[in-house]
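One line per chain: the protein sequences are A and B, in this order. So that you can map any letter, position 534 of the first sequence is 534 in the UniProt record's numbering, and since no number is skipped, the others follow by simple counting. So that you can map any letter, position 161 of the second sequence is 161 in the UniProt record's numbering, and since no number is skipped, the others follow by simple counting.
Think of the hints as simulated: they come from the structure by calculation, not from any bench. Just so it is clear, the structure is predicted and the values come from calculations on it, not from any experiment. Do not rely on the hints blindly, as some may be mistaken.
[Stated by the list, open to error] With the Cβ distance kept under 7 Å, some of the chain B side facing chain A (calculated, not the full set): (1) Y91; (2) R92; (3) G135.
[Unchecked claim] Sample of chain B residues with no beta-carbon within 10 Å of chain A, all distances over it, derived: (4) L146; (5) E176; (6) G177; (7) D217; (8) D221; (9) T240; (10) R242; (11) V253; (12) K257; (13) Q260; (14) N278.
Backbone N, C-alpha and C define an ideal beta-carbon position, used for all residues, glycine too.
The lines below spell out each chain.
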Amino acid sequence: MNWELIFGQIKWTSFVFAGMIENPSLSEAIASGAGSIAVLGALATVILLTVKGWWVPLWRDWLTSVDHKKVGIMYIAIALVMFARAVIEAALMRAQQLSATDGGGFLSADHFGQLFSTHGTIMIFFVAMPFITGLMNYVMPLQIGARDVSFPLLNAISLMLTMAGAIVIMVSLVVGQFSTGGWSAYPPFTGIEFSPGEGVDYWIWAVSLGSIGSTLTGLNFAVTIYKKRCPGMTLFRMPLFTWTTLCTSILMIFAMAPLTAATVMLALDRYAGFHFFTNGDGGNMMNYANLFWLFGHPEVYILILPAFGVWSEVVATFSSKRIYGYTSLVYATMCIAVLSFAVWLHHFFTMGQSANVNAIFGIATMIIGVPTGVKVYDWLLTMVGGRIRFSTAMLYHINFLLTFILGGMTGVLLANPGVDFQVHNTLFLVAHFHNMIIPGVLFGMFAAVQFWFPKVFGFRLHEGLGRASFWCFAPGFLLAFFPLYWLGMMGATRRTYMWSNPDYLPWLALAMLGAVLILAGFALMVTQIVVSVRQRAQLAAPLGDPWDGRALEWSIPSPPPAWNFAVLPQVTSQDPFYEAKKAGTAYRSPASYEDIEVPRNTATAPLIGLFACAWAFGLVWHIWWLVIVSFVLIWAVVIARSFATDTEETVPAATVKAANEAFLAAARAAPGVTRDQEMTSANRGRAIPEALEGRSGTIASGAPVEALS
Amino acid sequence: MPGSQGGSVTLRGIVGLLAAAVPKIALPKIALPAIALLAIALPGAGFAGSFLEPAGPIAAGQLSHFGVISMLMLIVIVPMFVALPIVLYRYRRGGKGTYRPDWEFNWGLELLIWGVPVALVVALGTALWRQTIVGDPYRALGPDPLVVEVVALDWKFLFLYPEQGVATLDLLALPEGRPITLKLTSGTVMQSFIIPRLAGQIYAMAGMQTQLNLLADETGDFTGRNTQYNGLGFATQSFTTRVMSADDFEGWVATAKTQQAGLDAAAYARLLPPAVVNEPVIYARFTPGLFDQIIASFAPGMAGGHAGHGPQAGADTPAAITAPATSHQQHDHTPEAAQ
Ligand code: HEM
Ligand SMILES: [Cu+2]
Chain A
1 MNWELIFGQI KWTSFVFAGM IENPSLSEAI ASGAGSIAVL GALATVILLT
51 VKGWWVPLWR DWLTSVDHKK VGIMYIAIAL VMFARAVIEA ALMRAQQLSA
101 TDGGGFLSAD HFGQLFSTHG TIMIFFVAMP FITGLMNYVM PLQIGARDVS
151 FPLLNAISLM LTMAGAIVIM VSLVVGQFST GGWSAYPPFT GIEFSPGEGV
201 DYWIWAVSLG SIGSTLTGLN FAVTIYKKRC PGMTLFRMPL FTWTTLCTSI
251 LMIFAMAPLT AATVMLALDR YAGFHFFTNG DGGNMMNYAN LFWLFGHPEV
301 YILILPAFGV WSEVVATFSS KRIYGYTSLV YATMCIAVLS FAVWLHHFFT
351 MGQSANVNAI FGIATMIIGV PTGVKVYDWL LTMVGGRIRF STAMLYHINF
401 LLTFILGGMT GVLLANPGVD FQVHNTLFLV AHFHNMIIPG VLFGMFAAVQ
451 FWFPKVFGFR LHEGLGRASF WCFAPGFLLA FFPLYWLGMM GATRRTYMWS
501 NPDYLPWLAL AMLGAVLILA GFALMVTQIV VSVRQRAQLA APLGDPWDGR
551 ALEWSIPSPP PAWNFAVLPQ VTSQDPFYEA KKAGTAYRSP ASYEDIEVPR
601 NTATAPLIGL FACAWAFGLV WHIWWLVIVS FVLIWAVVIA RSFATDTEET
651 VPAATVKAAN EAFLAAARAA PGVTRDQEMT SANRGRAIPE ALEGRSGTIA
701 SGAPVEALS
Chain B
1 MPGSQGGSVT LRGIVGLLAA AVPKIALPKI ALPAIALLAI ALPGAGFAGS
51 FLEPAGPIAA GQLSHFGVIS MLMLIVIVPM FVALPIVLYR YRRGGKGTYR
101 PDWEFNWGLE LLIWGVPVAL VVALGTALWR QTIVGDPYRA LGPDPLVVEV
151 VALDWKFLFL YPEQGVATLD LLALPEGRPI TLKLTSGTVM QSFIIPRLAG
201 QIYAMAGMQT QLNLLADETG DFTGRNTQYN GLGFATQSFT TRVMSADDFE
251 GWVATAKTQQ AGLDAAAYAR LLPPAVVNEP VIYARFTPGL FDQIIASFAP
301 GMAGGHAGHG PQAGADTPAA ITAPATSHQQ HDHTPEAAQ
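Can you make the complete structure from the sequences, with help from the hints?
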């Protein structure tokens, strides 16, 4: 049999370890080390699952589940695993740049190229995206009083496609090389002429799988919000996190398509000799730049909007106060979503279009700053008249307000073509987008984890370790990225594995220190989770409302039952649960119970994910039999599933009633805790609303605001 | 103003009026020393040949614009840094602030938080518009510019001087005080060309032509480089820009003409394989029209149809390029535009 027929272009030298054997160096050793970690990690997981006998529960309770809550948890698990890889890559890049003045360093130029490409690609598509998607999955249906999303199976398929993409990118650690074209993969550099080999193909197929998954998610969530709100939940009573989820979903529907188009066209160039983006024969890379950023700019808002939603929930809850300017926040979010499609050109002011075009897009970019600025001040005003508790999530929020606004300032600077001409493609830009993404999105997600963890697992996270990790992350970020602004102004280009300018050294050293702190913060966060699991008995808050919450998700047990709401809630105002607690109508038994239909588990989604993964791998390595077989199998699964009729199972009313009445009885019997006891083991999740407590100051609802200072 | 935008006179009038209303004139004067001070106060703050130390009007304009925008932005930044600590202190749990759990809106504040950013964006936008037009890389900086054709290669830059008939690799010799028009293209992947102390970036793309106008008002060696990742040699893809007095430049050209090497199509082909150039190379002559041939080489079919249309690059006189009123036609990226 012919080797190539079976294995495509894989050769023995494709394996990362071959590089180490054939030409040993520190750079190769690190590559092999990373490959080994990937292999050993996978092996360790297999052994653990086998020894503990967890294969069956994993398959039965998780992989085949279509429950939005489990899907959400799996998304976030992917995000955390991928974050571990990408953040280590970031630290490696930092160390390389520090140690490499005038040559030297320990990474080869090619290895560094792969590092910034995998770091960027993973952070965007397999950390930030799954993180926000997982969170929206978990929280949004609970906030609108729904039992699941509109299309639970589609939801699981989105997850599995994303997981397939993540696996493909992990496989590239072991088999073959990754692209060096960066996360944006600009042709013609990424075309077959300049980047032969499998690297760019890994990028193309991993990203394509992720982007198709996200398109489906967007459709699913938008429909869910339109159609599955509980009675009384009008649009303008929706919690702000749900509003931002809606805007993000709409952005996903429209923005992922250009990306998929761009990656497929690039693939056609590479596989089939097309000339969409090649240098010659009518190809034009400017089309790629436009398509990519037509996705790329809305993408940053896809990421930040859910985080904005988190900030709104966190600041209102930990200030024990209504959000300031709800309507204004909603309109600001909508403005941002619409405008985000009108500014993509600011990513290539330097392409030679006329000054007028540049000016128009520059001004459009500044205009987005207006609603964003409004939101920031809305959050500040939310605290005015509140009683602020400095929980870990709230610390992240305060840090966000201060740092995000500085990132906004540098963003406005970059919106000026004249400024951009100088700092485009430098570390100034790198500092700017990390300044938005880390305190904004990433820390927003970390705050969300602190906030909703007790809802998801029924116990709080260890507060002390949470703070410790915050106090590493926040200064770590400042140290790691603020020097980069200055470096960029001094002319340090991005994606550069070494410079010969000794003036950069002190700044690179500071940035390295910051990266170390960030790593320490992450280690503390993992520790926090482990310690909290160990101490789950003391930290337990099964009664569902540990933070004196406001929206519907806090009205149900933690963790919530498969059906979420025993009886669909009736909503009459914003902050429905908070109002019910104040009015004394919370935890009342419903008049009657009904049978509930929940979707059955199905192997459809994991099978599609598995075959999609095989398909992508086959494409990367030109293993055509695998491509054909897995493609046929994907559609075979889809078709087979379309014949399945028995896709739902019924939970009898009696079961629902027993569970719910037990919960309500426990909640009613539990002594409510005040906010003073929030972080103690007395907090089992039954809150006395702060507004009823009257501890300090008087309650003066509705009174006009007093002047600041 | 040279390079006036046909048809947008009214718009510019309005913008100009708005701009006059903005008290921003004094700002650059404050901003520049502020930035400079900051820089000096910081350890190891060599400017490393960056735009923080401009050596020409374009880079100087970019730096002062940076200052203007930064200062204006403080209007929204500072209140947050002042108010947040106060709010946190006053309204912390147990603090003195009155608890108003249901307070959620106030028209006065609302107008303030929408109004200030809107007004600010008007000011910023006006400044942006003016600077963008003035700093347009396609706007010629005066009559009779020196034209240099730039070909971005892996990992080096080729400079062709049609007027002088000489060419260089990784050395850009320029006369002080004379407007310069760089015409750029790429013989390989897209690159981004910059000489930070003189002017900002512009992309160089195969089969297309872009333009960068600049002027040096200081002599000296300034580093220029590619900022768009293009493979293994990217980190070291820089070149020296040597600005000399007009007389020295004449002398330099005369010496260049005495060099042995010339650059014809075959020699150009030898430059194509990716490589880093350690020492600049000077060519005494080059095949006229080489620049346009390089552009056309990426679209043989298309260029063929236009071959007879007009003079090729050899006939490129400075006068033909400076016609500023048509500058925006030249933004066209098609190969035809190269003619
Ligand atoms: C948490 C600590 C992080 C550190 C220390 C870090 C560090 C870095 C470094 C050193 C680079 C390369 C800069 C260069 O081009 O020279 C980089 C690039 C990048 N990072 Fe991060 N990063 C972090 C987190 C993130 C996060 C959370 C995201 C997004 C969710 C992200 C997205 C990116 C992207 C998109 C690039 C550009 C890659 C490219 O050039 O194509 N990073 N980062
Ligand atoms: Cu953008």
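Exercise. Hint numbers the structure violates, sorted upward?
Worked result: none
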